[in-house]
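Number of protein chains: 4
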Amino acid sequence: MRDHAVTMLGTGLIGDFYTNTLHGQRGRDRVRVVYSRTADRGAAFGQRWGIPEHTTDLHAAVRHADTDVVVVALPNHLHEEAIAAVAAAGKAVLCTKPLGRNAEEARRMLEMVEKAGIFAGYLEDLCYTPKTLKAVAAVRGGAIGEVTWVRSREAHPGPHSAWFWDGRLTGGGAIIDLGCHCIEIIRNFMGKGNRPVEVMCHTDTLVHPIADEDNAVALIRFESGAIGQFEVSWTFRGGMDLRDEVAGTGGTIWLNHFLRTGFEMFTAGGSGSYVAEKSESEKGWLFPVGDEVSELGYVDMFADMFDAIDAGRAPQETFYDGYLVNGIMDAAYRSARSGAWEPVTAEWRGGTTARIGSVSELYDGQVVIKRELLPDGRQKLILKDPTTGDFSDRIIAGR
Amino acid sequence: MRDHAVTMLGTGLIGDFYTNTLHGQRGRDRVRVVYSRTADRGAAFGQRWGIPEHTTDLHAAVRHADTDVVVVALPNHLHEEAIAAVAAAGKAVLCTKPLGRNAEEARRMLEMVEKAGIFAGYLEDLCYTPKTLKAVAAVRGGAIGEVTWVRSREAHPGPHSAWFWDGRLTGGGAIIDLGCHCIEIIRNFMGKGNRPVEVMCHTDTLVHPIADEDNAVALIRFESGAIGQFEVSWTFRGGMDLRDEVAGTGGTIWLNHFLRTGFEMFTAGGSGSYVAEKSESEKGWLFPVGDEVSELGYVDMFADMFDAIDAGRAPQETFYDGYLVNGIMDAAYRSARSGAWEPVTAEWRGGTTARIGSVSELYDGQVVIKRELLPDGRQKLILKDPTTGDFSDRIIAGR
Amino acid sequence: MRDHAVTMLGTGLIGDFYTNTLHGQRGRDRVRVVYSRTADRGAAFGQRWGIPEHTTDLHAAVRHADTDVVVVALPNHLHEEAIAAVAAAGKAVLCTKPLGRNAEEARRMLEMVEKAGIFAGYLEDLCYTPKTLKAVAAVRGGAIGEVTWVRSREAHPGPHSAWFWDGRLTGGGAIIDLGCHCIEIIRNFMGKGNRPVEVMCHTDTLVHPIADEDNAVALIRFESGAIGQFEVSWTFRGGMDLRDEVAGTGGTIWLNHFLRTGFEMFTAGGSGSYVAEKSESEKGWLFPVGDEVSELGYVDMFADMFDAIDAGRAPQETFYDGYLVNGIMDAAYRSARSGAWEPVTAEWRGGTTARIGSVSELYDGQVVIKRELLPDGRQKLILKDPTTGDFSDRIIAGR
Amino acid sequence: MRDHAVTMLGTGLIGDFYTNTLHGQRGRDRVRVVYSRTADRGAAFGQRWGIPEHTTDLHAAVRHADTDVVVVALPNHLHEEAIAAVAAAGKAVLCTKPLGRNAEEARRMLEMVEKAGIFAGYLEDLCYTPKTLKAVAAVRGGAIGEVTWVRSREAHPGPHSAWFWDGRLTGGGAIIDLGCHCIEIIRNFMGKGNRPVEVMCHTDTLVHPIADEDNAVALIRFESGAIGQFEVSWTFRGGMDLRDEVAGTGGTIWLNHFLRTGFEMFTAGGSGSYVAEKSESEKGWLFPVGDEVSELGYVDMFADMFDAIDAGRAPQETFYDGYLVNGIMDAAYRSARSGAWEPVTAEWRGGTTARIGSVSELYDGQVVIKRELLPDGRQKLILKDPTTGDFSDRIIAGR
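Just so you know, the sequences run in chain order A, B, C and D.
Take 244 as the starting number for the first sequence in the working numbering and just add one per residue.
Take 244 as the starting number for the second sequence in the working numbering and just add one per residue.
Take 244 as the starting number for the third sequence in the working numbering and just add one per residue.
Take 244 as the starting number for the fourth sequence in the working numbering and just add one per residue.
Hints were generated in silico from the structure; no laboratory data involved.
Mixed in with the good hints there might be a few duds.
All copies of an identical chain are treated as equivalent in the list; a pair is satisfied when it fits inside any one copy or across any two copies.
[Stated by the list, open to error] The calculated lysine to any residue pairs, modelled on SDA-like cross-linking and capped at a C-alpha distance of 20 Å, are:
#1 Lys-623 / Ile-453
#2 Lys-334 / Ala-303
#3 Lys-358 / Glu-324
#4 Lys-334 / Ala-248
#5 Lys-526 / Leu-617
#6 Lys-526 / Arg-503
#7 Lys-623 / Glu-525
#8 Lys-526 / Ala-511
#9 Lys-613 / His-403
#10 Lys-435 / Ala-551
#11 Lys-334 / Glu-354
Could you put together the complete structure from these sequences and hints?
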């Protein structure tokens, strides 16, 4: 394991989260230099996190002699320029989500890093929450059979910084901000080799006086027949709603990452302390999380990234993943305009996935639809006659 | 308050639930005669519930001299004939859900009862759960502002009786069985005067060897701009999943009717007792509900029905509601085939509803997008310049 | 089933709950006359609930020609006089909790009704919540093996009426108000034939400027060896905390009757509606219950009482139960003063209960303490040598 | 921040947890040598965790030239000898819980490290769970007012290793194993300067054929008047129950560390993967935790320990804390025998704490007991006459 020295580009909320994680609990990797567009913010950030140097020169920061990894924590419209600079410098690059404002932009960034042959990681933290990692492992291990449906929901009252609200800078509204998380969570549960075929999406701007969507719901049909469903909102009240649900032929998973995690507090007021990233109130019943950077996935995400660099392997989340997420979001926006299913046209690098299999069980020449244990202890079969298509109940055991 | 004597048509699971409710806790209304297609089942049912008479003659049951109310608890394809018989007899009729197999059939039943001038109630129990009634009242009282989104989910491993699986008899699959509940729950939260305009739906048959859908997700766009979302499944594992979520401009509601209601039990096995309608296992962690007929709405539903008869008023759920639900399901099935939004073409008897209103607040000539209280106590506005469309952060108070 | 006409004594909050229950959902039993110490309150109560007559003459109310059942919903210090009046009138009597201010007073009431030979029910609603009834039935059915421990907790910020705070009128503080519920819940789970042997209790007055306890914790040792534990508080913040936990040799039960029942609502404020009996706030996250009178047990309690009268059987909760609860509370108060375990000296009418049985399993001549399945699939026994008392691990199966 | 090289004494489950934590996510501190009583176990452990050296010579391991910190992860009866060896070697020592088998033994260990002047940390992981740390900080910040009551509960079906069951080696049963956690959690919420004055405890051996207690409940009275309550069990069914509850004059905190943390999974079976430390079943509803070593406090615990060594400060949990915990457990065992409150006789090094303060508010010369907002909007005071002690209701505002 090597110690890495990091160039941090950007000093917003996400830069704070990243640096908090890197400089947290006995870690060996540290931010060496930070870039901000304004000297004051850079200086304050450096002081806050004990970073030796800050600069307003992006290229100088990227090329800094002591760093080997560059983290891009800038607004969406500045990703491409930053990636280009890192590619030119030949360093490893880790870029925050979403990768691009659209698939075309993401495609160019993907090509840059592939051409430069550098390590490139996609910083999709919510795919790395400890719950998600363990749940995905359980699904891979067969705990819930074949996945039929994944719901990923992310909703809060709206972003904290002005630029997030400007679709010209971000590429859209709540989908670009939150949907990218949901889509990649869904892909992890579906299996990354399961091709996203087409998307149906509804968007609307119901509350905020902006041009982009503040609410959206979408369905993604995968090659296996499974459906991914994401719901994003900038108008949710009550905190930050971060939940995932997975249905399989042999089980069910429910994850709650924020509002109901076994930490419940009622306060009559007067605490004055910062409770959670998106808490709406300061008194009454509050639902903090324990260790935000751990529970939101930042710790495991950076561990995977640096371990992957050390091991010369690809990280769990790559620039290709980021590009594909942009491709799915592009299809969602197209569908919201057309009112119909729209194909995902991004380049597919995975293989093919078989349709969810339903193997028919036969009983006495009839197809078994369901086995039931009745309250009185009898066992019942519901059968279908393969010839007539008629259904019947049959008691096969019990009193 | 008058005591009512009931003719019960049907002796299946739903007939048991209905009679259990009517004969439960000190009620004044009793089943006087029960009709079953087979004498044995009628006799057993009568004995189980202490009903004086049973018959295999539907018309005799309907015309029985001592009864004034007829409850239709028959499979879907038998509703129309039964309603016609009751209309001819001039008695009050209460019909289980769904009203018809499609809107056209429901339309005929609606016309029959309107022509006959009889009281006609639609037995949609889940709109009457105590939680739903209180939550709807809170929404009507303004507790969550304007409703922007309602999710209603009903999922279990599949129905208990053979006929449910035969789309020729029922009119479809999981949508006809479960979606009718979700749609009417959604309408209650939206406000019944809020017109359902169009529907987008995806269906698939993923697990069971049947011709109809065992999974479906749909969006319903209402005139106000709000979205109703229903998810139904006959392939859910883990019990019966009955949840509703409501988002409003000023609040949020989460209801869980079955699996997480404050009753949690671990058993190492050996109990041997019937835990809940759709529990899948007999040991491990189980989640019973307290009083099923009360918590699933049957008690309040029948109270409303009989009170409405006594008061000469319409019940909360009418045949028109049942007809409209069929109209929305018809649109869902059309959308599943077309892959596009499909209009709800059922006759609309409500008025018009204004679009969800977003009133812009101005600050210094700029549109206020969001107010934030920063962790350090400062207050920040996110503003939008109405001329350029540019967004900016502005600190307006604090250190 | 007969229709009963009720004399209601008392017009406080509990009188409202009782009448709301009796006059609710299609019930056949009605309040015919209400007694209040002040005419205004009687009149208002009568109007609120549609009661034909009200009076300030307790004896006239009790002897009213049209009623056959008298409900005592008066402050604790007025129970004895009221019971005496009903006993003299020879009618059925239902008395609210606690029966007396102490066991001696309760004893006199018990003797009155036994001497008069009248039906006497103890209105302990929380033993009748649908969850409790179903959980107790599951325990009786063997679902959790032998009960080893029951925790019952009731806590809120303090009572609503002045007289509750005056120990001279009530007999004590939070124990008399809330502990009586907990004790009887515990007894139902333990089995009513399981003798409460001794009590250890700590009380304190931590917050309110009163003479009686506003907080108490107690342990009750039952003859089987099982421990009942009650926690009561008049200083809880956040609503009303009503939870029970039961541990058995073969299982676990957790009940939450109020704050987490599957109904969660966030409101930014302005609702203005009454949310729940003991809710502390009007905005933020709120946790209403569905149907309070049902979920708190009132519906099932009155059903049991009137059904018992009709059937000529004893109700689930009798005056003897109320007397025994007073006896346990007396022991708790004695223990709080002595700082030691105090015996329950109330007359015991039950039988004897065997000690919780631990049957030893032997393996290879050693006592099996525990069987474990290791993560790697091996099976391990923890064994105890009966001669030396030494413990050892032994792998008995697996790779 | 310095990198530390660790001598690990012990290769049991706790040694695995410790090493898993130290070698986890990009940490800078590594185990350099491991000691086991048997060479095979040492070799397997070394291979499992990539540790360069293993030995069966405890003193050699302690004195190893490359290590500066020794972690004692041995059974209880071996702590004293190990601490003595480390004190002689003059290295920093971190010792697992409980410190001693009783206060006298703990006292000797405390004196050894104080005399040697070495850094000594008490590895009480559950005081370091992220939820506990944040909750304790909220309490310190005033979020719930003055603490009146803390409940800490730890229950599971019994330990995994033979020696745990032998009270001669451990010092007792469930109290020594689990109560030590609960006591120190309680002290953290109470404030470490709040003196534990006396203890009331009940123990019993209900299920397992052992000489020590498999169930215990205890109350600890603190100088402020607040009550700590711990419940420990080796007979719990359903997994591992790890919950804390804190009541304050201005709020409430509920923590659930294991069974309900926002991760819920139903599996029809066949997963075959290790779900959680103390899960009882492999199918049905399971409740895994995300990242066990983080959520159970190991990550933050070691971070505090090494940071404290680097900074030359005391850690959050010291040998004095461990000694005091033993002192409280000693009092608990004495109380279980005497059936009465027993004083905590361990040396007290903290100061004094004032009694929980109740400041009386006056209204019109009367003591205000409670303010209420009635459902109809009126405001009511419950008042106490300071002269007569009489209580009254008074409406002070509204309609």
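These are the hints, each one checked on the structure:
1. Lys-623 / Ile-453: between (57 Å within a copy, 18 Å between copies)
2. Lys-334 / Ala-303: Only inside one copy: Lys-334 and Ala-303 sit 13 Å apart there, 45 Å across copies, limit 20 Å.
3. Lys-358 / Glu-324: within (15 Å within a copy, 61 Å between copies)
4. Lys-334 / Ala-248: within (11 Å within a copy, 31 Å between copies)
5. Lys-526 / Leu-617: between (49 Å within a copy, 16 Å between copies)
6. Lys-526 / Arg-503: both (17 Å within a copy, 18 Å between copies)
7. Lys-623 / Glu-525: Answer is between; shortest inter-copy Cα gap is 17 Å, intra-copy 55 Å.
8. Lys-526 / Ala-511: Cα proximity of Lys-526 and Ala-511: in one copy and across copies (6 Å, 12 Å).
9. Lys-613 / His-403: between (51 Å within a copy, 8 Å between copies)
10. Lys-435 / Ala-551: Result: close within a single copy only, 18 Å intra versus 44 Å inter.
11. Lys-334 / Glu-354: within (15 Å within a copy, 54 Å between copies)
Of the hints listed earlier, there is not a single one the structure fails to meet.
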